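Novice: Here is what each chain is made of, one letter per residue.
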Amino acid sequence: MQDFKMNDSLAPAMPKSWKVETKPHKFCPGCGHGIILKCLGEVIDELGIQDQMVFGCDIGCSLLSWDFFNVDTVQTHHGRTNPVIIGMKRANPELIVVGYMGDGGGYAIGSQHLFNAACRNEKITVILCNNCNYGMTGGQMAPTTLPGMKTETSPYGRDPIETGYPTKGPEMVAAVAPEGAYVARGTTANVRQLKGFIKKALENQMAGNGISFVECLAGCPTNWRTNAKQTWEFIEKDQANAFKVGELRVPEVKEG
Amino acid sequence: MAEVSLQGEQRVFMTGNEVVAWAAIAAKVDIMYGYPITPQNEIMHYWTRLAPKYGKKFLQTEDEISAGFTTIGGVLSGRKAFTATAGPGNVLMQESANMAEMMRIPIVYVIQQRGGPSTATVIYSQQETTLTCFGGNGEGHRAVYSTANHQELFDYTIKAFNTAWTYRFPTFILGDGYQAKMREPLTIYDPEEKGMKLVAPEVILGDTTPGKKSVNIRNTYNTEEELYEVVMKLQKDWEAMAEKIVEWDARGCEDADFVIVSHGVVSRAALAAYDQLRAAGKKVGVFRPITIRPFPEMQLREAIKGAKKVLVAESSYGQLLKMVQNALYGETVELVPFLKPGVGITSEEIIEEYSKL
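Going down the list, the protein sequences come from chains A and B.
Our numbering numbers the first residue of the first sequence as 1 and each following residue consecutively.
Our numbering numbers the first residue of the second sequence as 1 and each following residue consecutively.
Careful: at least some of the hints might be erroneous.
30 Å max Cα-Cα, derived DSSO-like pairs, lysine-lysine [stated by the list, open to error]:
(1) Lys23(A) - Lys322(B)
(2) Lys16(A) - Lys213(B)
(3) Lys26(A) - Lys199(A)
(4) Lys197(B) - Lys19(A)
Quick caveat, the hints were computed from the structure, so don't treat them as lab data.
On a predicted model such as this, the values are computed, not experimentally measured, just so you know.
Using the sequences plus the hints, can you model the full thing?
Specialist: Laid out in structure tokens, this is it:
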């Protein structure tokens, strides 16, 4: 086990699968990515799969996780993480593959890949960070931007008449995926629950059941221009009201 | 009809697309990913028929973007993987080809050119020459073999996997709709039975040896200087590869005052014209780049040394011509373009062009 005391102060507990050399990580203060990746790291440790998996990350803020884990990792192109990890899994079904992306990568530029991966019930695990905007490029409107929410490309607030309503990713995946799929939406405001969802999403892939998809509601205080209190209020109230947290699909329990 | 087999050498009569599928089996390819587009479809048709018999796999994806990136995934996991496409599909696949250039991923693409721009025709052209050599936001760090007949489709498809896995640059077979759809006799074989070496794939990601050091790979860089180092290293490695893999065919150029330059299936018309003109006592030569990327620049300069005129014949409007001009910069030989975008070229037409000059 690691030392908790560093320079006589209490150091945060780090998952064993995290790459210590690249910490502290590069996400903004208050960003949700670190929380999601900590959940994932702890799950990797608990399942003991660090040497059996490949982690793929997208473009956008998620690319900052390219050297986050002591796990084989490929940083791909914007929206193309799902096809890359699908290609790996198809070629070598022994691998446990995880795709990590934002709402833009999963629901906009790569939406055809997510939709078809769900239809084909690809034996992959997809973890998607939903922070209601494009973070890396400076806070533009995303498929998940809430009605009325101000972003760089909806400066007067998102108008659903012009630009539609927020994309409900897990609902879409749950609607089209065959039996065996695991679909959930967690939130960085409930870490214990989120970690449980991510664990089930990996176990479901390991059991060979089908696609496993977890959307994670997360904060982006830099682009939201919110302080800590406002950030958590947005995550816990606005996001949670717009996006229902919970499990949408769990595989049927096989008899015998 | 007798069962086709790779045991021993076998004389067969096949379409080019069928040849590619057999060549991939012969090259011990593990998996193909693909999306339908004419005129390459039968590569997938034959592959999906052969695959279960040889323990191979196939995935039909949602589009060519996905076909390119799933193939990258297959390669990363240490398998020999390829995809095939044409025209607008080739445009979409350039995104994955770029990632393969940056990350040195040994992916193989088979391109059966169709008419362009846009959807154009499903028949034939050579308008994907520039795209296949230089597509994307990079420097064209790749290998492109332009085949002319079915024997070459078989031989060079096998070779493409060796080139890719030896030098770790994306490698293309550049065919066309004529080669794809026409039937021709050729000899198929198991390359290893003939003593040819097949370069074995290696696991790039997903080595599951317990306690192994993890590998993290990326294509994003933070600073200009960092990127400059990366691209210059790519360039250096590409140049080192170029001199080893460059291939060309030159005939009768030593004493020729007229040299016909062409690539791919057009070079067959050029060869037929050459035979007829030589039989008539004309001092004619032919030059054909087999690798159009890297382009055999020095070899072309050598071939046209004594020539007064060089006819550049292609089924596109100047894509080969630009490569020839680039190679012959500083030479004073007259270049005569014979450009027929999206249309086939016959030996009669080339002889007519010769007669005009």
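Novice: Evaluate each hint against the coordinates.
Specialist: Evaluated hints:
In summary, the hint linking Lys23(A) to Lys322(B) is not supported, as the alpha carbons are separated by about 50 Å, beyond the 30 Å threshold. Between Lys16(A) and Lys213(B) the alpha-carbon distance is near 14 Å, which keeps this suggested pair within the 30 Å criterion. For the hint linking Lys26(A) to Lys199(A), the alpha-carbon distance of about 25 Å falls within 30 Å, and the restraint holds. Between Lys197(B) and Lys19(A), the direct Cα distance comes to roughly 40 Å. Violation of the 30 Å bound is thereby established for this hinted pair.
The structure is inconsistent with the numbered hints 1 and 4, although it conforms to all the rest.
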